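Chain residues, written in single-letter form:
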Amino acid sequence: MGPLAQPPPHPGSQPHEHRTPTSRLELSGISVAFGGVTALSDVSLTVEPGQVHGLIGPNGAGKTTLFNVACGLVRPSAGTITWRGEQLRRLQPSKLTRLGIARTLQGVGLFPGLTVLENVMVGAHRHAKAGFFSALVALPASDADERRLRERAGAALAELGAEGYAGRYPGSLPYPVQKRVALARALVAEPDLLLLDEPASGLSEDEMHELGDLIRSVCTRMSVLLVEHHMDLVMRVCDRITVLDSGKQIAAGTPAEVQADPAVTEAYLGDDVDVEADAAALTGHPTRTDGGRTHG
Amino acid sequence: MNVTLTGLTEGMVYAAFALALVLIWRSTRIVNFAQGSMAAATAFIALSLIQNGQSYWVALIVALASGFVLGAVVERVVIRPVEGGPELNAVIVTLGLFVAIQALIAIIWGSSFESFPAPFGLEGFQVGDSRIAFTPNSVFVIGAVVVTMALLIALFRFTRVGLAMRASAFGQEVARLLGVKVGRMLTLGWALAAVVGSLAGLLIAGGEFVYPAYMDSLIVFGFVAAVLGGLDSPVGAIVGGLILGLALSYVSGYVERGSALVNVSALVILMVVLLVRPGGLFASSVARRA
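Chains D and U are the protein sequences, given in the same order. For the first sequence, our numbering begins at 1 and goes up steadily by one. For the second sequence, our numbering begins at 1 and goes up steadily by one.
Think of the hints as simulated: they come from the structure by calculation, not from any bench. Don't take each hint at face value.
Stated by the list, open to error - Beta-carbon label-pair distances, calculated as ranges: (1) U/Trp-57 to D/Arg-75: 44 to 54 Å; (2) D/Gln-92 to U/Ala-65: 45 to 55 Å; (3) D/His-229 to U/Ala-103: 55 to 65 Å.
Stated by the list, open to error - If the Cβ cut is set under 8 Å, some of the chain U residues that face chain D in the computed set are: (4) Phe-158; (5) Arg-166; (6) Leu-177; (7) Lys-181.
Model, not experiment: these values are computed from the prediction. Ideal placement from N, C-alpha and C gives every residue a C-beta, glycine not left out.
Bound conformation, chain D alone (with noise of 0.2 Å):
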C-alpha cells in the first residue's frame, strides 16, 4: 500500500460529502439461520452516507449471506435493517432500486439476449417516466421517454468507458469489460446506496486500480457497501471495514485500525487465504450454499 492508500476520515468523523444524513443504512444485531445452522449471529454494521465501507472476512464468514441480508435476497431471523432512518420489515429485491438502493452480483448477471447499451437500459428503468399502457399502446408517446433512458444508458456506459462496446452481446466480451458494464447498469438508476459484490474478482492490477478509483469517485454520489476478498482494494477504497469471521463480527473500524487488530491478523491477514478458505469450507459454514446467490 502506497502513501496515497490511507483514507481520510477517522472514525465517528463526518463524511466528506454532504448528503442528507438519513441516507444511511444500518443494519443491526442481524443473524441468519439457514435450516438450523446459523451464518450470522448478531452482526451490525453502519454505512455512512457518502462513505465506503467493507466488509471482509475468509471464505465462509458470512460475508455474502450479510449482503444478501442487505438487499432483501435474505431474511434475517433477528435484527433490524435501517433505511434513510426508517425501518425496514420486509425488503423486496424489486422494490430495491425505488428506495435507491442498487446491487452488483457476483459474477456479472448481464442480460446474454440483450445488447451491452440494452442491459443497462434496464438499469435505468425506474427513471423512466411514461406510464406501464402508453409505454404499451402509444409507441410515439414513449419515444421521448425512451430517448431518454438510451442517452442515460450511454452516458454511464461512456463514465465506465465501455461506450464502444454498446452495441455489442455481453458474451462476446471480455470478462472485465462485461464486469463494468455491469457496474455501470448500477449506477445508471443513480442509487444512493451500491452493493458491490466481490467487484474485483476476475481483474488484473491495473484493473483493479481502476475499479479502486472509480469507487472513490462514485461515493461523492452514494454511499457503497464492498464485499471483496482483496485486501489491498478494500484498504484503500475504503473508510470503514467490518470483519466477519465464522458468522459473528470480529472488528470494525478504519483500515488502519482493522490491520492492527490483533483478532483479525489471527483470523485472516496473517495466514494464506485459501488455507483459510479451506478450513472454513471444512467447517461447514453455509454462505457458499445460500439460497439467495443469483449467478449471472
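Got chain D; can you put chain U on it based on the hints?
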C-alpha cells in the same frame, strides 16, 4: 406454384401460432398446450358475434381482446401458482387447461361443426386464363400475420416495456433486482401470446368449419414449427412455420394420396429435426444453456 402459394399462406398461420408458443416458452419455460383451446374459445366468441349480426371486424377485435384477457387471467390464476416449481407441473397444468377449455367450449357452444366466415373472397385470383390458389383471403391472412409480427418486433425492440419483458425472460432474478416488475411482464407475455394464438385460430378458421377441437392439429403444427426454429427464437418460429407450411403443402400436393400423410409428415419432420439439430435450426439458446 399453386402448392407453394397454399403452403406460404398456411405456413404464415403456423408461424403465428408457433410464435405464440415461443413467446411463452422464452419467458416462462413452459410449453403452453392450452394455446389451441384458448384460441378456439376466442374464435367461438367471434362466431357468436358474427351470428348475431356483428361484422367480421368487430368480432375479430373482440376475439383478440378476449384473447388478451384470457391469456392474462390464465397466467395469473392458473400458471402463477405452479411457476417456480418443477417445470413438468406447469406443463401438465396447461394440458389440463387444454382439455378443460375444450370441454367448456362444447358446453357453451355445443360440439357440432359450425361454418366460420372469411372476411375476403375464397376464389383464387385470375392469372391468364387459370385461377391460382391464391385468394384475397390469403392476402389478408399473410398481411395480418406480417403486421402483427411487425408490431411485436416494434414492441420488443423499441419500447421500455418490451425491454423489460426481454430482461425478465433472460434473467428473472436479476431483472427483479433492477426494479423490473417481473410478474407483470410475465402476465403481459402470456396475454400477448394469447392474442397471437387467437389471431392464428381465427385466420385458420376463415372459410372453414369450427368445432371445439378444431385447433388440435394447429397445436401440433405450431409446435413442430416452433421446435424447427429452436423454441427460443421468434425469428426461428416464423421461418419454421413457413418451412413447415411449404413442406406439408408439397406433401399434400405432389405425393399420391399425400393429404392423408400431412400429419404423419409433420411428425417425421419433427423427429428429423430433433435427431439432427436438437437445438432447432435457429438455436439462439447457446448463451442460455449454461
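So, going through the hints one by one against the coordinates:
In this structure, U/Trp-57 and D/Arg-75 meet the distance hint of 44 to 54 Å, their C-beta atoms being roughly 53 Å apart. The hinted window of 45 to 55 Å between D/Gln-92 and U/Ala-65 is violated, with their beta carbons roughly 32 Å apart. In this structure the hint that D/His-229 and U/Ala-103 lie 55 to 65 Å apart at CB holds, the actual value being about 60 Å. Given the 8 Å rule on beta carbons, the hint for U/Phe-158 holds: about 7 Å separates it from the nearest Cβ of chain D.
Checking U/Arg-166 against chain D: minimum C-beta separation of about 6 Å stays under 8 Å; hint holds. For U/Leu-177, the interface hint holds, the least distance from its beta-carbon to any beta-carbon of chain D being 5 Å, beneath 8 Å. Checking U/Lys-181 against chain D by beta carbon gives a least distance of about 6 Å; that is within 8 Å, so the hint holds.
Hint 2 from the earlier list is the only one contradicted by this structure; the remaining hints agree with it.
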